[in-house]
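Chains G, D and A with the ligands: place on chain C using the hints.
Residue strings, one per chain:
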Amino acid sequence: MSDQDFSIDTVEHASSTPDTELPWDELGLKAEEYERIVAILGRRPTAAELAMYSVMWSEHCSYKSSKVHLRQFGEKVTEEMRRDLMVGIGENAGVTDLGDGWAVTFKIESHNHPSYVEPYQGAATGVGGIVRDIISMGARPVAVMDALRFGEIDHPDTRRVLPGVVAGVGGYGNSLGLPNIGGEVEFDACYQDNPLVNALAVGVMRHEDLRLANASGVGNKVVLFGARTGGDGIGGASVLASESFDDSKPSKRPSVQVGDPFSEKVLIECCLELFGGELVEGIQDLGAAGISCATSELASNGEGGMHVELTDVLLRDPTLTPGEILMSESQERMMAVVTPENAEAFERTLAKWGVEYSWLGEVTDTGRLVIDWNGETIVDVDPRTVAHDGPVYERPYERPAWLDAVQADSFAATEAGKDLPRTAAELGTAVAELVTSPNLADPSWITDQYDRFVGGNTALSQPDDAGVIRIDETTGLGVGLSVDSTPRHAYLDPYTGAQLALAQAYRNVATSGAIPKAVSDCLNFGSPEDPPIMWQFAEAVRGLADGCRDLGIPVTGGNVSLYNQTGGNAIHPTPVVGVLGAFDDVGRRTPSGFERWADGQAIYLLGETAAELDGSEYARLHGHLGGRPPQVDLQREKTLGAVLINASRDGMVDAAHDLSEGGLAAALVEMSLRFGVGSRVNLDALCERDGLDPATALFSESAGRALVALPRSEEVRFKDMITARGLPAMRLGVVDAESGELEVAGDFEGGSFILGLDELREIWSAVIPAHVEG
Amino acid sequence: MAQASETPLIGETGSASGESALDGARIGVVTFPGTLDDRDAARAVRIAGGTAVPLWHADDALGDVDAVIVPGGFSYGDYLRAGAISRFAPLMRRIAESADPSAGAGLPVLGICNGFQILTEAHLLPGSMIKNDHLRFRCADQVLRVENTSTAWTAQFTDDEPITVPLKNQDGQYVADAATLEQLEAEGRVTFRYVGTNPNGSRHDIAGVSNAAGNVVGLMPHPEHAVEAGFGPDDATGMRSGTDGLTVFTSVISSLAGSTAGPDPAGGAA
Amino acid sequence: MPRIVVEVMPKPEILDPQGKAIASALPHLGFRGFSAVRQGKRFELSVDGEITDAVLAQTRKAAAEMLSNPVIEDVVDVRVEDDPAEAGAGDEG
Amino acid sequence: MPRIVVEVMPKPEILDPQGKAIASALPHLGFRGFSAVRQGKRFELSVDGEITDAVLAQTRKAAAEMLSNPVIEDVVDVRVEDDPAEAGAGDEG
Ligand SMILES: Nc1ncnc2c1ncn2[C@@H]1O[C@H](COP(=O)(O)OP(=O)(O)O)[C@@H](O)[C@H]1O
Ligand SMILES: [Mg+2]
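Residue numbers (this note's numbering), protein chains in the order written: chain C, 73 to 846; chain G, 472 to 741; chain D, 161 to 253; chain A, 161 to 253.
These are calculated hints, taken from the structure and not from any lab test. The model shown is predicted, which means the values in this text are computed figures rather than measured ones. Beta carbons are placed, not taken as given, at the ideal position from N, Cα and C, and that holds for glycine. Warning: the hint list may mix true and false statements.
As the list claims (entries may be wrong) - Computed list of lysine to aspartate or glutamate pairs in EDC-like fashion (alpha-carbon distance at most 20 angstroms, straight line):
id	chain 1	residue 1	chain 2	residue 2
1	D	K171	G	E653
2	D	K201	A	D242
3	A	K201	D	D237
4	D	K201	G	D642
5	A	K201	D	E241
6	A	K201	D	E233
7	D	K201	A	E225
8	A	K201	D	D242
9	D	K201	A	D234
10	D	K201	A	E233
11	D	K201	A	D237
12	A	K201	G	D642
13	C	K136	C	E98
14	D	K171	A	E241
15	A	K201	A	D234
16	D	K171	G	D648
17	A	K201	G	D604
18	G	K602	D	E173
19	C	K424	G	D531
20	D	K201	A	E241
21	D	K180	C	E845
22	D	K180	G	D642
23	D	K180	A	D208
24	C	K102	C	D461
25	D	K180	A	E225
26	D	K171	D	E233
27	G	K602	C	E845
28	D	K171	G	D642
29	D	K180	G	D604
30	G	K602	D	E233
31	D	K171	G	D604
32	D	K201	G	D604
33	C	K791	C	E680
34	G	K602	C	D520
35	C	K424	G	D530
As the list claims (entries may be wrong) - Pairwise CB distance ranges, derived in the manner of DEER restraints:
id	chain 1	residue 1	chain 2	residue 2	range
36	C	T150	G	A529	48 to 54 angstroms
37	D	I211	C	H185	40 to 46 angstroms
38	G	A529	C	R143	48 to 54 angstroms
39	G	E653	C	T638	58 to 64 angstroms
40	C	A842	G	D648	32 to 38 angstroms
Extracted from the complex, chain C is given alone in its bound form (with noise of 0.2 angstroms):
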């Protein structure tokens, strides 16, 4: 029960004091928007409803500038892509099956600006917020992932947020008992002032147990549980300290939320064995715009109506205002609807974990969400106007003018670009210098701090091109999982660029193994307000729609961050793209290294190599960002995915790695350096083959490759089979398990480089740490 003793801005009120001016402006509603809710009202709203509309008519929520473009998913969806889709866009996250009567759940969610105001603290809600999604569904959440991007690794700055962020991460998710299982780190100036920190969740569940947020039944309760509630995440709305039209000043709210990640494993607990006992009708997790949301969305998901008591709620600060606890972000809380049968049962449940509850109120045949105070109605809505009727803007959008003059700034014309490295020397040392750069170095002071073991079922994780997750124990049916973006091919080209992002996902996927399935996609811009930004969007939107439709794997879900500038500096176009696969039996993995016992084993490069380094690492490394992006063949892609799937599961390759940042210099040191195990290869007859010099061989990115490890004994299968699929490929060396070297042959002055293995993994693995620690 609250304290307050203020009059209240109740329907009543409203009704009768229609000039009363409302701070709308001051919460972030155009005149327009304002004008349209007096209109679907009849009346000016209550300061709860402004309350209400506000956040849910916030970007942020009503994908008000997005919404037209991202509508492309669902209507570049073919049936074949359906097939497997149980639950699609629009629900909290989307529900894939996998077989067996087992389904899968996962979503990518950003939490960019808390980040960077309280790296610990904004990433680790960021972490709580996605999982609680992925609970929202009926799901057991197994594992998380992270793509973080920060500015210049030598900015002072990057050494307050890298840490507390990565902290954050493993301190939430660690608690949880969720394995971390990849991600992905970039450095880059362009995140300086808007560091992006995104974070997947992925959970399973027995077909039966699919849960959606809707409130049917009339008479069924709604109840509030978990944490309690408090001012959090409401600071710029103190504003509505009006809703009570006198003098009593509200305390201070917090400007930013603490999570407590104890409690949220609690509530993860609690809610499955609900779900298990068939205890809850719907389910919804509150997140941004807390009640508000969780009551609309309900509500207007639902049959009919829903009238909750607002004074019911259990308030960390009793001296929050109605429209206040409306907008509270407090973590760690789920509202649900619950049979009057099963209140009993439900109640036990939550003494059992000890997590707090109240009742609210019920659902209704009358189509409105009443919410009262004290008995009062101060809200008085149909639903879906609050949670599905808001703003669409076409935003105008227009190709960047200084576009041209980026793609004609190809780095081949640039002095580096001219003068690459053509001894054995010098393509050594740029072989060294790159893989040692920010971006390319060891991450693991990074993902030391997550938890890749907690719940035995991790078949592959970091430094792994996918993350494997076991899924079902007798049969070993299970995911694969990965993330990526490659924001600077989406600076040159943000159609190709989000393409680029889409086919390396699916390309990490298909090298472990895994038959890719489904994606989820987290779009980092600029401001939408910003035409040149909105047409970046729209592109990445148009290219990934696209590209899913011809690769024939469905967007279930995903998330925008719009807004990732400072003044005029916007981060490069950032569509995260998350790819998930599945397995029939997770044991048939492909680890990314060459293993101790596979000395002598065959090294085949798949795929072709253009001259691509425009937006490389490579041309990074010589401060250069124009031209055009490598060029994407997706139906190569699948070509390509079909052969590492096939050899995995016919265990005819013992490791594979796909080509991507870094090219197949990376490639080759990475898959070198993952056991310590060397490897001697000759770049000739790639070079001829595709007509490049060394360097180019070596540091090109083209998509459509991936580096595979073979026992000589398979090689005649495995060349029939890419022969038989018309996939290039060629015999690039072998694995040399006993010198500890990594050799490069081919035709330039010196005839081989060598790089010894203990002295790069000493010069790679210190990159990180030296910047960031005190």
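For chains G, D and A with the ligands alone, coordinates are given in the frame of chain C:
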């Protein structure tokens, strides 16, 4: 965890098959709010040939178990101090009574990571754990030396056997006063010691200790994460192939059965 | 409403990794002249009703048995303090 | 040798999960009558030489900028204290 209603999802404690004929040793696995590795510990028991019995922190009786594992995790969020709140659970009192060697045989008890922290907070084991010297959570494959093979939990190891098991914690730096350390060394109660670089600043490179009677053992690294090829730490035989941790569980099961049961189910039933 | 403050510090003979890290970071930030730093905990316990001797005795017991671990920590203070926040914000429900 | 004690608490309006967990555990341990608990930090800074006003001013700055995170914490006290360890044991230990 103890609930019967839960979907039989991955790593479930109860026996999933129903036709399990393995009713060798009954090993209790305790779940506190915030416990994370309970499913893993139960799986390790099953793979080793025993029967895992879920125990709930709030229960006031141990029931029919022959040994108890207090698993890892972040019970009560590690708030206040790791293990500080959990040690007051009703079940912990029962565990302490049964583990007291003066009261009878002395129930074998193993605390892993957070479980070790709980056992020190409960004064069942000496010393305590403070933050790692580098102040970070760290997850890594760790080599240990088994220095005492006379406990129920280490009997099947050979003396000074090196084993690889995952280490993952934030508060893993073992500390005790000089007198206690001296006594632990003198009595051979340092059960596991870190090999190679000390990962967290622990005194005397201590990774695990036992009580004087040897029935209560605690260790920071996680043997239950090294019991199944394909899901363990990397080792010489290949990626994620390490299963050295399994011997901890077969040791206790065979010592309870009074036989030499191994991981082979057929031979494991007492 | 008055409340009880309990303060706990790592024992002097136990190395305090957090204090050590702070001590070595201070000079880099331009803070000089500190020879050592130790980091402990401060608890504020709000009491329902009056703070009687019995309440204080109970608090001392909680401080010794739960709020601190005698193997690594000392309780360095248990005292009654006025709540300065009374005038302002709400606190934990 | 005197030293400076700095005390930092989570801001009243910010969730304090640790305090919350302690508060809900206390009654189960038989400690009743506490309505809320908050957990903060206590730092002891040893100073080389004398504690001048300049040193104190510097400590206040360090407290605000490094020992506390102003987004979520308040510095509630900076004071000079005699080192009780000098004389022998701590007063409550
Ligand atoms: N923030 C992170 N969290 C977890 N794992 C990460 C993170 N960053 C990188 N990794 C892991 O490190 C490995 C190398 O990353 P990356 O070079 O981006 O791989 P790839 O290019 O093959 O996707 C991968 O296994 C990746 O999952
Ligand atoms: Mg990548």
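Taking the hints in turn, this is what the structure says about them:
1. D:K171 with G:E653: At roughly 19 angstroms apart (the allowed maximum being 20 angstroms), E653 (chain G) and K171 (chain D) satisfy the hint.
2. D:K201 with A:D242: Measuring from Cα to Cα gives roughly 18 angstroms; hence the hint holds.
3. A:K201 with D:D237: Holds, because 13 angstroms separates the two Cα atoms, which is no more than 20 angstroms.
4. D:K201 with G:D642: holds, 16 angstroms
5. A:K201 with D:E241: holds, 16 angstroms
6. A:K201 with D:E233: This hinted pair holds, its Cα atoms lying about 14 angstroms apart.
7. D:K201 with A:E225: holds, 19 angstroms
8. A:K201 with D:D242: Given pair K201 (chain A), D242 (chain D) holds - Cα atoms ~18 angstroms apart, limit 20 angstroms.
9. D:K201 with A:D234: This hinted pair holds, its Cα atoms lying about 14 angstroms apart.
10. D:K201 with A:E233: holds, 14 angstroms
11. D:K201 with A:D237: holds, 13 angstroms
12. A:K201 with G:D642: It holds: about 17 angstroms lies between the C-alpha atoms, which stays within 20 angstroms.
13. C:K136 with C:E98: Given pair K136 (chain C), E98 (chain C) holds - Cα atoms ~18 angstroms apart, limit 20 angstroms.
14. D:K171 with A:E241: holds, 17 angstroms
15. A:K201 with A:D234: Within the cut-off at roughly 10 angstroms; holds.
16. D:K171 with G:D648: holds, 10 angstroms
17. A:K201 with G:D604: Status holds; Cα separation ~19 angstroms.
18. G:K602 with D:E173: holds, 15 angstroms
19. C:K424 with G:D531: holds, 14 angstroms
20. D:K201 with A:E241: holds, 16 angstroms
21. D:K180 with C:E845: holds, 14 angstroms
22. D:K180 with G:D642: holds, 16 angstroms
23. D:K180 with A:D208: holds, 16 angstroms
24. C:K102 with C:D461: holds, 16 angstroms
25. D:K180 with A:E225: Since the Cα atoms of K180 (chain D) and E225 (chain A) sit roughly 18 angstroms apart, the hinted pair holds (cutoff 20 angstroms).
26. D:K171 with D:E233: Judged against 20 angstroms, a Cα distance of about 5 angstroms means the pair holds.
27. G:K602 with C:E845: holds, 17 angstroms
28. D:K171 with G:D642: Roughly 17 angstroms between the alpha carbons, so the hint for K171 (chain D) and D642 (chain G) holds.
29. D:K180 with G:D604: With a Cα-Cα distance of about 9 angstroms, the restraint between K180 (chain D) and D604 (chain G) holds, given a limit of 20 angstroms.
30. G:K602 with D:E233: holds, 13 angstroms
31. D:K171 with G:D604: Given pair K171 (chain D), D604 (chain G) holds - Cα atoms ~16 angstroms apart, limit 20 angstroms.
32. D:K201 with G:D604: holds, 18 angstroms
33. C:K791 with C:E680: holds, 16 angstroms
34. G:K602 with C:D520: Measuring from Cα to Cα gives roughly 16 angstroms; hence the hint holds.
35. C:K424 with G:D530: Holds, at about 11 angstroms.
36. C:T150 with G:A529: 48 to 54 angstroms: holds, 53 angstroms
37. D:I211 with C:H185: 40 to 46 angstroms: Given about 43 angstroms between the Cβ atoms, the range holds.
38. G:A529 with C:R143: 48 to 54 angstroms: At 51 angstroms between Cβs, range holds.
39. G:E653 with C:T638: 58 to 64 angstroms: holds, 59 angstroms
40. C:A842 with G:D648: 32 to 38 angstroms: At 37 angstroms between Cβs, range holds.
When the structure is compared with the earlier hints, no violation turns up for any of them.
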